[in-house]
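Asks: Residue-level listing of the chains:
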Amino acid sequence: SQTIHQWPATLVQPVGSPLSLECTVEGTSNPNLYWYRQAAGRGLQLLFYSVGIGQISSEVPQNLSASRPQDRQFILSSKKLLLSDSGFYLCAWSVGHDYEQYFGPGTRLTVT
Amino acid sequence: TQLLEQSPQFLSIQEGENLTVYCNSSSVFSSLQWYRQEPGEGPVLLVTVVTGGEVKKLKRLTFQFGDARKDSSLHITAAQPGDTGLYLCGNPGGKLIFGQGTELSVKP
Numbered sequence: 033s034q035t036i037h038q039w040p041a042t043l044v045q046p047v048g049s050p051l052s053l054e055c056t057v058e059g060t061s062n063p064n065l066y067w068y069r070q071a072a073g074r075g076l077q078l079l080f081y082s083v084g085i086g087q088i089s090s091e092v093p094q095n096l097s098a099s100r101p102q103d104r105q106f107i108l109s110s111k112k113l114l115l116s117d118s119g120f121y122l123c124a125w126s127v128g129h130d131y132e133q134y135f136g137p138g139t140r141l142t143v144t
Numbered sequence: 025t026q027l028l029e030q031s032p033q034f035l036s037i038q039e040g041e042n043l044t045v046y047c048n049s050s051s052v053f054s055s056l057q058w059y060r061q062e063p064g065e066g067p068v069l070l071v072t073v074v075t076g077g078e079v080k081k082l083k084r085l086t087f088q089f090g091d092a093r094k095d096s097s098l099h100i101t102a103a104q105p106g107d108t109g110l111y112l113c114g115n116p117g118g119k120l121i122f123g124q125g126t127e128l129s130v131k132p
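As given, the protein sequences belong to chains A and B, one line each in that order. Be aware that the first sequence starts at 33, since it is given in our numbering, and climbs by one per residue. Be aware that the second sequence starts at 25, since it is given in our numbering, and climbs by one per residue.
Bear in mind the hints are in silico, worked out from the structure with no lab data behind them. One thing to keep in mind: the hints can contain errors.
[Stated by the list, open to error] Below 35 Å or equal to it, Euclidean Cα-Cα: the simulated DSBU-like pairs (lysine-lysine) are: (1) K80(B) <-> K94(B); (2) K94(B) <-> K119(B); (3) K131(B) <-> K94(B); (4) K119(B) <-> K112(A); (5) K111(A) <-> K119(B); (6) K119(B) <-> K81(B).
Could you put together the complete structure from these sequences and hints?
Replies: Here you go:
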């Protein structure tokens, strides 16, 4: 069966510090991978999606970046965090044409 | 960009009541998905509707896709506290776009 992991689960970082959130998927090959941010428990904002290694599409211009160094690994990064980067970050994967997405447990990021 | 509008944004009801939440767009979708999210967790897919006019039932939940495939509704019968959560609609495709969600609270 497929599983998706995210870490860390929670993170408190000062403004201006770097960020690295990791997401890995097990049990599937060549998944589509996604990073979302959710503020205040409301709708999800798509940040990045990837259809393959090294292929990243950015949906929202900001100080975040994403990389996919391996087929089932997706990393969200920032060189300098802003207060507005606080939120709940969710990684998701999908395969095939039905695009049903499976979400990870999320990372709660608080920038202080 | 296809936009999805959900209503109401917040809904607080008593156990046993019925409710309906809506997902609307000005665009036509080939299919539409409903997810439920509990606090501190990722959304979980409830259903995908693909045919205009389609009705799908999942226990006490009834999902309907509009004939024109521009809107969808979720009806819950005899709501229970376990139904509490954020209900999101999304249009599947290369990148899943979500509505802002309906936050449902069912009080015992």
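Asks: Now tell me, hint by hint, if it's right for this structure.
Replies: Outcome of the hint check:
no.: 1; hint: K80(B) <-> K94(B); in the structure: holds (17 Å)
no.: 2; hint: K94(B) <-> K119(B); in the structure: holds (18 Å)
no.: 3; hint: K131(B) <-> K94(B); in the structure: holds (32 Å)
no.: 4; hint: K119(B) <-> K112(A); in the structure: holds (27 Å)
no.: 5; hint: K111(A) <-> K119(B); in the structure: holds (26 Å)
no.: 6; hint: K119(B) <-> K81(B); in the structure: holds (26 Å)
This entry satisfies every hint, going by the numbered hints stated previously.
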